[in-house]
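Participant: If you want the building blocks of each chain, they are given just below.
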Amino acid sequence: MLHALRQAKAQATATVAARVGIGGPVGSGKTALIEALIPVLQRRGVDFAVVTNDLVTKEDAERLRRSGLIDPDRVSAVEAGACPHTVIREDPTLNIAAGDELEARFPGVELILFESGGDNLASTFSLDLVDWWIFVIDVAGGDDIPRKRGPGLLRCDLLVVNKIDLAPHVGVDLDRMLADARQVRGGKPVIATNLKAGTGVEAVADAISAAVLFRI
Amino acid sequence: MRRIEHVLGSRLEPDMSEALHRLEHRGAVDIVAVPAADLARRRLLISTRSGEELAIALPRTEKLFDGAVLLLERDRAIVVRAATERWLRLEPRSISDAVELGYQVGNLHWRVRFGGEVLLVALEGRPEDYTARIENLIAARRVAVTVLDEEAVDSPPSHEAAPSHSHGASHDSHPHHHRDH
Chain A
8 MLHALRQAKA QATATVAARV GIGGPVGSGK TALIEALIPV LQRRGVDFAV
58 VTNDLVTKED AERLRRSGLI DPDRVSAVEA GACPHTVIRE DPTLNIAAGD
108 ELEARFPGVE LILFESGGDN LASTFSLDLV DWWIFVIDVA GGDDIPRKRG
158 PGLLRCDLLV VNKIDLAPHV GVDLDRMLAD ARQVRGGKPV IATNLKAGTG
208 VEAVADAISA AVLFRI
Chain B
8 MRRIEHVLGS RLEPDMSEAL HRLEHRGAVD IVAVPAADLA RRRLLISTRS
58 GEELAIALPR TEKLFDGAVL LLERDRAIVV RAATERWLRL EPRSISDAVE
108 LGYQVGNLHW RVRFGGEVLL VALEGRPEDY TARIENLIAA RRVAVTVLDE
158 EAVDSPPSHE AAPSHSHGAS HDSHPHHHRD H
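Which chain is which? The protein sequence lines are A and B, in order. For the first sequence, position 43 matches number 50 in this note's numbering, and the numbering has no gaps at all. For the second sequence, position 181 matches number 188 in this note's numbering, and the numbering has no gaps at all.
If you are wondering where the hints come from, they were derived from the structure by calculation, not from laboratory data. Where a beta carbon is used, it is the ideal one built from N, C-alpha and C, also for glycine. Check each hint, because a few of them may be wrong.
[What the hints assert, rightly or not] Listed below are several chain A residues computed to face chain B (Cβ distance under 7 Å; list not exhaustive):
no.	residue
1	V23
2	A25
3	L134
4	D138
5	V219
6	F221
[Unchecked claim] Below are the EDC-like pairs computed for lysine to aspartate or glutamate, each with C-alpha atoms no more than 16 Å apart in a straight line:
no.	chain 1	residue 1	chain 2	residue 2
7	A	K155	B	D136
8	A	K195	B	D136
9	A	K155	A	D187
10	A	K203	A	D172
11	A	K203	A	E42
12	A	K65	A	E86
13	A	K195	B	E131
14	B	K70	A	D135
15	A	K155	B	E135
16	A	K155	B	E142
Take these sequences, add in the hints, and give me the full structure.
Facilitator: Below, the structure is given as structure tokens:
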């Protein structure tokens, strides 16, 4: 009897979509990362949707909707109206609702990407909202960013260091920056990207696929 | 890889407990040790002690906890064991030191418990990454620091609390201590 009940429960509910957060400072490349991931995920047959967060506009959502890369209905916008971290960490209710609404509209969706509004190095995601999260920094922000040990950089599941092509132009020692990042993160993964050229995007898609879609 | 899509119940529920007890005698209960910081995740790739890889993908209404039963079959079970949580015990020397410590810890969004005249901070990383943030208080001997495992944390009148910046609702500031009995 017990076994029958447990099996019935196990078969009762289809698994819901994986939820992945993308945070990081203003201008580091969060929206660019999503734009670069879209064709890669599509080619891999991943059924996905996106929730963007902006301060008082829907700028990032409109950018993605106009891109022609994704069905505009699959992009949902949340206006934080306050510091961006408040709606991904302190009270993620609006984002949770946006994710639920996308899942209801697109049955079978496997993955929802939540892009935070640009914030500072202390920005982190609540695990009530996402299952796994990425923090994006860029070399133009300075190679001392990893050494500042911001909670976003330390706690994220994957650190993306973007705009590596700019390193020689902004006086950044990229190898040292990546080594510092790996050292302060205690071995947790770091991926270097140049999103404009597509460098590193497959590796980010691999990391998402392995961590929450279990495609290894 | 075995996919786990539900928590079937708690090992403390009478019917579960009885079934697990029978299996334990046959050495057929496998344990998956989940780090405290990962208990809040609904998706997790993790191996059991016997080496079986689990792809855990729970509905958003379910959560892992110490004693969560993930598999219960006639000849085998898998149960979650929450890895011991570590705490930073911060003891301010005076009321003014306590006020300043509370201010700083709140601004840092650390997950805390109140322990009478000490503040306990849940460690989700290396202790030195935490102490470095309040180095001024420690170096001036205004706050004494020790690292404690879960068992060493006094349960009596401690009170769990969210960091001062929290705006309420559900978030990850509520460690639950489902101790073994």
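Participant: Taking the hints in turn, state whether each one holds.
Facilitator: Going down the list of hints, with the structure as the test:
no.: 1; hint: V23; verdict: holds, 6 Å
no.: 2; hint: A25; verdict: holds, 5 Å
no.: 3; hint: L134; verdict: holds, 4 Å
no.: 4; hint: D138; verdict: holds, 4 Å
no.: 5; hint: V219; verdict: holds, 5 Å
no.: 6; hint: F221; verdict: holds, 4 Å
no.: 7; hint: A/K155 <-> B/D136; verdict: holds, 11 Å
no.: 8; hint: A/K195 <-> B/D136; verdict: holds, 15 Å
no.: 9; hint: A/K155 <-> A/D187; verdict: holds, 10 Å
no.: 10; hint: A/K203 <-> A/D172; verdict: holds, 9 Å
no.: 11; hint: A/K203 <-> A/E42; verdict: holds, 10 Å
no.: 12; hint: A/K65 <-> A/E86; verdict: holds, 7 Å
no.: 13; hint: A/K195 <-> B/E131; verdict: holds, 13 Å
no.: 14; hint: B/K70 <-> A/D135; verdict: holds, 10 Å
no.: 15; hint: A/K155 <-> B/E135; verdict: holds, 14 Å
no.: 16; hint: A/K155 <-> B/E142; verdict: holds, 14 Å
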